[in-house]
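Turn these sequences into a full structure, and let the hints guide you.
There are 2 protein chains.
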Amino acid sequence: MEIEIQLTREPIIAPKLAEEFSGSAGALAEFSGNVRASENGAAIAALEYEAYSPMAENEIRRILESLAEKFPCLAVSVIHRLGIIPVGETAIYLGMAAKHRGEAFGLLTEFMNRLKQDVPIWKRRALSPAEFSALIKS
Amino acid sequence: MEIEIQLTREPIIAPKLAEEFSGSAGALAEFSGNVRASENGAAIAALEYEAYSPMAENEIRRILESLAEKFPCLAVSVIHRLGIIPVGETAIYLGMAAKHRGEAFGLLTEFMNRLKQDVPIWKRRALSPAEFSALIKS
Chain A
706 MEIEIQLTRE PIIAPKLAEE FSGSAGALAE FSGNVRASEN GAAIAALEYE AYSPMAENEI
766 RRILESLAEK FPCLAVSVIH RLGIIPVGET AIYLGMAAKH RGEAFGLLTE FMNRLKQDVP
826 IWKRRALSPA EFSALIKS
Chain B
706 MEIEIQLTRE PIIAPKLAEE FSGSAGALAE FSGNVRASEN GAAIAALEYE AYSPMAENEI
766 RRILESLAEK FPCLAVSVIH RLGIIPVGET AIYLGMAAKH RGEAFGLLTE FMNRLKQDVP
826 IWKRRALSPA EFSALIKS
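Protein sequence lines correspond, in order, to chains A and B. Numbering-wise (our numbering), the first sequence opens with residue 706 and increments by one. Numbering-wise (our numbering), the second sequence opens with residue 706 and increments by one.
Any given hint could be a false lead.
Because identical chains share one entry, a pair is satisfied inside a single copy or across any pair of copies.
[Unchecked claim] Simulated pairs of lysine-lysine, DSBU-like, Cα-Cα distance not exceeding 30 Å:
id, residue 1, residue 2
1, Lys821, Lys842
2, Lys828, Lys804
3, Lys842, Lys828
4, Lys721, Lys775
5, Lys842, Lys775
6, Lys804, Lys821
7, Lys821, Lys721
Quick caveat, the hints were computed from the structure, so don't treat them as lab data.
Written as structure tokens, this is what we have:
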């Protein structure tokens, strides 16, 4: 299983798995976890994510390698954005190419559960519309 | 839950769920079931799908409505292509926008299982490279 992991402070650009695995992948699945405009009932304008980057990347790789036996996809790409992420933009992207859909859906579901439990990436704070405006003007 | 269903003989164009649900959807999931270059060990160039279209559309809607209670997404789009579909192209597309990933993953997995079991859409035949060449030249 090809594994690609990125932690980035830039907007996420999804890889072109459909083109790369054209003819070999019967199943392509993509997931984006995006910032919503409210958190715990309050309007927000952005979230800030932080990570221990090398540790987070190692841990993501370890989880993917441990899931590869049960859910042998052709390729998986995990991209997590860090820093301040405005509402509507993507914090985490997962893309999978697999022969059959079962492996792709299994990997997607299990990986996301493990990510939340085990990987040192966390929401540091939510920025209100006023805080976010002040920040982008500064 | 907004439901969009299309059965089409043209290449599938994915809807822009990320834009439409920007700020409200925390989870966007997309799945494409694509034609692979081999079937049962033999090289193929295309698959042909057929359907009882009105019945298939009704049945897809019925399944989605029955799953909406357990997996209440904001929107789901199901597009199935019919006719001759060349290798690498998409036969079935599913797109979901949801507040949280659990609903999206649940709907995706369960819907695909039910589609295969209950909906009158079937692979009519696999076309070999020679058959497919002859067909597109005719």
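Hint check:
1. Lys821 / Lys842: The answer is neither: 33 Å in one copy and 53 Å across copies each exceed 30 Å.
2. Lys828 / Lys804: Close across copies (17 Å), not inside one copy (34 Å); limit 30 Å.
3. Lys842 / Lys828: within (23 Å within a copy, 57 Å between copies)
4. Lys721 / Lys775: Within. Shortest intra-copy distance 24 Å satisfies the 30 Å Cα cut-off; inter-copy 32 Å does not.
5. Lys842 / Lys775: neither (49 Å within a copy, 44 Å between copies)
6. Lys804 / Lys821: both (27 Å within a copy, 17 Å between copies)
7. Lys821 / Lys721: Classified as both: same-chain Cα gap 25 Å, cross-chain 27 Å, threshold 30 Å.
In the structure shown, a violation is registered for the earlier hints numbered 1 and 5, in ascending order.
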